[in-house]
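Participant: Chain by chain, the residues:
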Amino acid sequence: MRAGRHEWAVALPLPLLALLSGCGGIQTIGGREGRDAALINDLFTLFCIVTGIFFAAIMAFLFAAYWRRRGWRADRMAEEDERLAAPSRGGALRVGMFLWTGAVVGGLMGLAVASFFTDRGLAHPNSDNKPVVSIELTGNQWWWDAKYHFHDPSKDFRTANELHIPLGAATYIVLKANDVIHSFWVPNLAGKQDLIPGHLNDIVLVPTRAGHYRGQCAEYCGLQHAHMALDIVVDTPADYQRWVARQQQTAPPPADPQARAGYVYFMNKQCSACHTIAGTPAGGQVAPDLTHVASRATIAAGTLPNTVGSMHAWVADPQGVKPGNNMPYIGLNADELHAVVAYLETLK
Amino acid sequence: MSSPWRIEGNRLLPSPPCKGGARGGSRRSRPNTGVRGLASLATHPLPLPFREGSFALALALLLPLALAACDREQRDMAGQPKPETAAFVAKGDPRAAEYENNAFHIAQGQRLFAWMNCSGCHSHGGGGMGPPLMDNKWRYGGKMEDIVASILYGRPNGMPDWRNKITEQQAWELAAYVRSLSGQSRKDALGARTEEMAVTPPQSLESTERNLVAEKPQSPPGEPQ
Numbered sequence: 001m002r003a004g005r006h007e008w009a010v011a012l013p014l015p016l017l018a019l020l021s022g023c024g025g026i027q028t029i030g031g032r033e034g035r036d037a038a039l040i041n042d043l044f045t046l047f048c049i050v051t052g053i054f055f056a057a058i059m060a061f062l063f064a065a066y067w068r069r070r071g072w073r074a075d076r077m078a079e080e081d082e083r084l085a086a087p088s089r090g091g092a093l094r095v096g097m098f099l100w101t102g103a104v105v106g107g108l109m110g111l112a113v114a115s116f117f118t119d120r121g122l123a124h125p126n127s128d129n130k131p132v133v134s135i136e137l138t139g140n141q142w143w144w145d146a147k148y149h150f151h152d153p154s155k156d157f158r159t160a161n162e163l164h165i166p167l168g169a170a171t172y173i174v175l176k177a178n179d180v181i182h183s184f185w186v187p188n189l190a191g192k193q194d195l196i197p198g199h200l201n202d203i204v205l206v207p208t209r210a211g212h213y214r215g216q217c218a219e220y221c222g223l224q225h226a227h228m229a230l231d232i233v234v235d236t237p238a239d240y241q242r243w244v245a246r247q248q249q250t251a252p253p254p255a256d257p258q259a260r261a262g263y264v265y266f267m268n269k270q271c272s273a274c275h276t277i278a279g280t281p282a283g284g285q286v287a288p289d290l291t292h293v294a295s296r297a298t299i300a301a302g303t304l305p306n307t308v309g310s311m312h313a314w315v316a317d318p319q320g321v322k323p324g325n326n327m328p329y330i331g332l333n334a335d336e337l338h339a340v341v342a343y344l345e346t347l348k
Numbered sequence: 001m002s003s004p005w006r007i008e009g010n011r012l013l014p015s016p017p018c019k020g021g022a023r024g025g026s027r028r029s030r031p032n033t034g035v036r037g038l039a040s041l042a043t044h045p046l047p048l049p050f051r052e053g054s055f056a057l058a059l060a061l062l063l064p065l066a067l068a069a070c071d072r073e074q075r076d077m078a079g080q081p082k083p084e085t086a087a088f089v090a091k092g093d094p095r096a097a098e099y100e101n102n103a104f105h106i107a108q109g110q111r112l113f114a115w116m117n118c119s120g121c122h123s124h125g126g127g128g129m130g131p132p133l134m135d136n137k138w139r140y141g142g143k144m145e146d147i148v149a150s151i152l153y154g155r156p157n158g159m160p161d162w163r164n165k166i167t168e169q170q171a172w173e174l175a176a177y178v179r180s181l182s183g184q185s186r187k188d189a190l191g192a193r194t195e196e197m198a199v200t201p202p203q204s205l206e207s208t209e210r211n212l213v214a215e216k217p218q219s220p221p222g223e224p225q
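Chains C and Y are the protein sequences, given in the same order. When the count follows our numbering, it moves up by one through the first sequence with no breaks and lands on 348 for the last residue. When the count follows our numbering, it moves up by one through the second sequence with no breaks and lands on 225 for the last residue.
So here's chain C without its partners, still in its complex pose (with noise of 0.2 Å):
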């Protein structure tokens, strides 16, 4: 029964081992793909081994004195206090003392020092001036409205919930809130950041990494918060310049005849209140910018992958995708949901 006991407490850690299996991906606070990641997480590792070891020393002091208590007789300790009190054994306690509190100043001065380098190269993102990618993000319940600025304002361009930057540049966003006090947080990149009704906030992001990655909102916004989700993919610069000259261009006019009444259906209803389709009619600015929404890996803020099934489920009922999202149940028949989503699907 004993030796049960023993082997079920063994096993214990172990269900823990599990969860570092969370660590890695898309979405992690132990991400090393951003400049401001690594920076961060060199300093909680530095951070993790100093207190880690004065933690063992203080273990070690515990435990070393548990163990000379042991055994010992009362009728004894006043002989043993006597010994402690000679001036032989005094001067090593004093020695001891100064060299301890030594190092916990020294430590704790060790780390304030090094936070305050983090910090420094923290605010010091583009420290070579090199020319920075320029994007507005604006937080809606529950949605992320990105639109992308260039010198010449022209080529700017609107998207949502999918961000693609370039490797080895600076991306500067400016931050900001239509309803609530969202929170923009890539883990694999960056800190968080914080985006408030009527301020402008901003980060910058310096990719080191090729790759796909998760940003979540990380300040509880309402219903659908858990489904806020943003998908940043870190292009080469190469890719990164064909992903903008393929945003830049507007929607080509659909060519099959289903797509065709899609275009009609989508012109002359509910959709074009609310949703913009660069080179059309469409253009109400209170939904998602849907002109390439077919190149997105995503659906609904990363509630649903982009799949043609997924969006013939979006657009039938929104509410029972996502409830509480403001985008109506519209009731459109089958013939209509098909051309929609057959419309919906050239976008690419």
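The set of hints was computed from the structure by calculation and includes no laboratory data. It cannot be assumed that every hint is accurate.
Sample of chain Y residues with no beta-carbon within 10 Å of chain C, all distances over it, derived [to be verified]: (1) 54; (2) 56; (3) 59; (4) 155.
Some chain Y residues judged to face chain C by a derived CB distance under 10 Å, without partners named [to be verified]: (5) 75; (6) 77; (7) 78; (8) 91; (9) 108; (10) 112; (11) 115; (12) 116; (13) 164; (14) 166; (15) 169.
Cross-link-like lysine-lysine pairs, in silico, DSS-like; alpha carbons within 30 Å at most [stated by the list, open to error]: (16) C:192 with C:130; (17) C:176 with C:147; (18) C:130 with C:176; (19) C:348 with Y:165; (20) C:348 with C:147; (21) C:155 with C:176; (22) Y:91 with C:269; (23) Y:143 with Y:91; (24) C:269 with Y:187; (25) C:155 with C:348; (26) C:130 with C:147; (27) C:176 with Y:165; (28) Y:165 with C:147; (29) Y:165 with Y:91; (30) Y:143 with C:269; (31) C:192 with C:147; (32) C:192 with C:176; (33) Y:137 with Y:91.
Please read all numbers here as calculations on a predicted model, not as lab measurements. A virtual CB, placed ideally from N, CA and C, is assigned to each residue, including glycine.
Model the placement of chain Y on the given structure of chain C, informed by the hints.
Facilitator: Same frame as chain C, now just chain Y:
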């Protein structure tokens, strides 16, 4: 001496026993008034309505009443057409009360008011190109059904029809908000905070003029007031 209590500084103290003939005959026969009168109650059995058991029972019977207040916070998000409602907005539509007395719908209506640029003509209810919405004058009727009909089907002299731009539910939500602009919503249905960025104090804090509720006789459509 009308109250059994007197205030001394900031302390509430029992009044000295009442003297004199200001009270009715039945009171004069009882020497103990004020706190000493209350204390004597404790030693005698209480009349039935104040006994513990029946009091708890009455409380339990009252509790379901509190549930009646919950519909104000109910969020009907799907907004799917209900079988009992006709396609055209009829008088006495059951949706009128449902939308007008619901905090969520009023808040959503306020969002839509901004999103659909109603302020472009109605200027936050103050009026401009379009008539003001915060007074007690209604050209085409000020009932929920009338406002929904104005929104969905348009009116002469400029009000466009929104039939294919917004859903029917959104029209009802807008109407609920428009009614709240002139202080006609139930006060407990108004949100203490809006879903929008707040630039004005919440409506529940404003002293709404209740006299706006009195509706004037409607003039026939098209006739200017």
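Participant: Would the pair residue 192 of chain C and residue 176 of chain C pass a check requiring their Cα atoms to be no farther apart than 30 Å?
Facilitator: 14 Å, holds
Participant: Just to be careful, I want the Cα atoms of residue 155 of chain C and residue 348 of chain C compared with a cutoff of 30 Å; is the pair within it?
Facilitator: 18 Å, holds
Participant: Does the closest beta carbon of chain C sit nearer than 10 Å to the beta carbon of residue 169 of chain Y?
Facilitator: 6 Å, holds
Participant: Does the closest beta carbon of chain C sit nearer than 10 Å to the beta carbon of residue 112 of chain Y?
Facilitator: 9 Å, holds
Participant: Under 10 Å, Cβ to Cβ, is where residue 108 of chain Y needs to be relative to chain C, so tell me if that hint holds or is violated.
Facilitator: Constraint on residue 108 of chain Y satisfied, holds at 8 Å.
Participant: So if I understand the rule, the pair passes when the alpha-carbon distance is 30 Å or less; does residue 348 of chain C with residue 147 of chain C pass?
Facilitator: 18 Å, holds
Participant: Check the hint pairing residue 130 of chain C with residue 176 of chain C against an upper bound of 30 Å on the C-alpha distance.
Facilitator: 24 Å, holds
Participant: Holds or violated: the hint that residue 166 of chain Y contacts chain C, with Cβ atoms closer than 10 Å.
Facilitator: 6 Å, holds
Participant: Tell me if residue 116 of chain Y is really an interface residue toward chain C, meaning its C-beta lies closer than 10 Å to one of theirs.
Facilitator: OK, holds: residue 116 of chain Y within 10 Å of chain C, min 7 Å.
Participant: Would the pair residue 165 of chain Y and residue 147 of chain C pass a check requiring their Cα atoms to be no farther apart than 30 Å?
Facilitator: Since the Cα atoms of residue 165 of chain Y and residue 147 of chain C sit roughly 25 Å apart, the hinted pair holds (cutoff 30 Å).
Participant: Is the interface hint satisfied for residue 77 of chain Y? The criterion is a beta-carbon contact with chain C at less than 10 Å.
Facilitator: 5 Å, holds
Participant: Decide if the proposed pair is consistent with the structure: residue 176 of chain C and residue 147 of chain C, CA atoms, cutoff 30 Å inclusive.
Facilitator: 11 Å, holds
Of the numbered hints stated above, those contradicted by the structure are hints 8, 24, listed in ascending order.
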